[in-house]
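Novice: Keeping their order, the protein sequence lines are chains A and B.
Using our numbering, read the first sequence as starting at 1 and increasing by one per residue.
Using our numbering, read the second sequence as starting at 1001 and increasing by one per residue.
Simulated from the structure, these hints should not be mistaken for laboratory data.
Mixed in with the good hints there might be a few duds.
Under 8 Å between C-beta atoms, here's a sample of chain B residues computed to sit facing chain A [said to hold, decoys possible]:
(1) E1021
(2) D1023
(3) T1058
(4) G1061
(5) G1065
(6) I1092
Rough simulated footprint, nothing fancy, chain A against chain B, three-plus residues with beta-carbon under 8 Å [stated by the list, open to error]:
(7) 1024 to 1033
(8) 1051 to 1057
Positions of the beta carbon are idealized from the N, C-alpha and C atoms, including for glycine.
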Amino acid sequence: MATVELSFTALPAHVRTARLVATAVARRSGVDESLLDEVRLAVGEACSRAVEGHQMYCPAEPVRLALTDQAGRFEVEVTDTCAPDSRWPGGPGAPGARAGTPGTASQERHSAGLPAGLGIAVIEGLADEVQISETAAGTSIRMSWPSAGAAR
Amino acid sequence: MDLKLDHHSKDGIEIVDVEGEIDVYTAPRLRELLIELVNSRFYQLVVNMEKVEFLDSTGLGVLVGGLKRVRAHDGSLDLVCTQERILKIFRITGLTKVFGIHDTVDEAIAARRAEK
Chain A
1 MATVELSFTA LPAHVRTARL VATAVARRSG VDESLLDEVR LAVGEACSRA VEGHQMYCPA
61 EPVRLALTDQ AGRFEVEVTD TCAPDSRWPG GPGAPGARAG TPGTASQERH SAGLPAGLGI
121 AVIEGLADEV QISETAAGTS IRMSWPSAGA AR
Chain B
1001 MDLKLDHHSK DGIEIVDVEG EIDVYTAPRL RELLIELVNS RFYQLVVNME KVEFLDSTGL
1061 GVLVGGLKRV RAHDGSLDLV CTQERILKIF RITGLTKVFG IHDTVDEAIA ARRAEK
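Okay, chain A solo, but in the shape it has when bound (with noise of 0.2 Å):
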C-alpha cells in the first residue's frame, strides 16, 4: 500500500499539484533537503509525459501517481493508461487518437530537434534509480530515492 495516492485528470494544470504533493510526502519521509529539487522535477517531468500521452490516446482516464516510503527508500511510481495498443499500431493515426494539438509546447520541443524522450533522460539523470515497465494496460515508471525511514 503506497503512503499517498493521487489520480488526476490528465490536464497540465494538474502536473504542478502532484509536484506539490510528491515533493511534501518527499520531504516528511525524510528525503535529504538537497534531493527534493530532484524529486520535484523528476515527478514533474514523468506526470508531464503521462499527461501528454493521456491528452492524445486517452484524455477521459485518469494519471496515478504512488508515492511510498519503505525500506529506507521514497519510491514514485507514475502510471498512464495510453496502452500500447493504442499508440503503435498506427502510431499517433490510431483509432481514437486525437490528433496532437497543432503548436503545443510538447510539438515545440519535437521542432526544436530535442528528443522525444528528453523527459525520460532528465528522469534517468535526475533519479537515484528508475524503473520503466510497458505493460498491455500502459506504462509505469518508479524512481526511487534514500530516505530516512518509514513516513511518520
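Guided by the hints, dock chain B onto chain A, whose structure is given.
Specialist: Frame of chain A; chain B shown alone:
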C-alpha cells in the same frame, strides 16, 4: 507560483523577465511571447531567469524553439541564470553548450555587444 512574464528594451536588446514556474502548463505562454517578439522584429533577446523557480523539459523546448526562431533572422537568445537548480537541467541535457548563460543582464548584453 504561476508564471509572470514581462519584457523591456535595454541597449537595443529585448530583455524578457520570467518569474515563477515554467512547466507543461505555463510554457505555452512563454512560447507565445517569444513568437510575438520575433514577429515584432525583436531578434536580439535576453531571457532573464533569475526569478524562475522551476523549469522542466517543456520549458527547455520553448527556449530552444525561441533560439531557432531568432537565429533564422541572425539573432540571438541568451539566458541569465545563476541558480544551481535551474542550471542543473541545462547541464543534464547538454544545453549549456547551446545557450550563452550569464550571471547578470548587463553581462549578457556586454557579451552580445562584444560578439558583434
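Novice: Okay, which hints does this one fail, numbers in order?
Specialist: none
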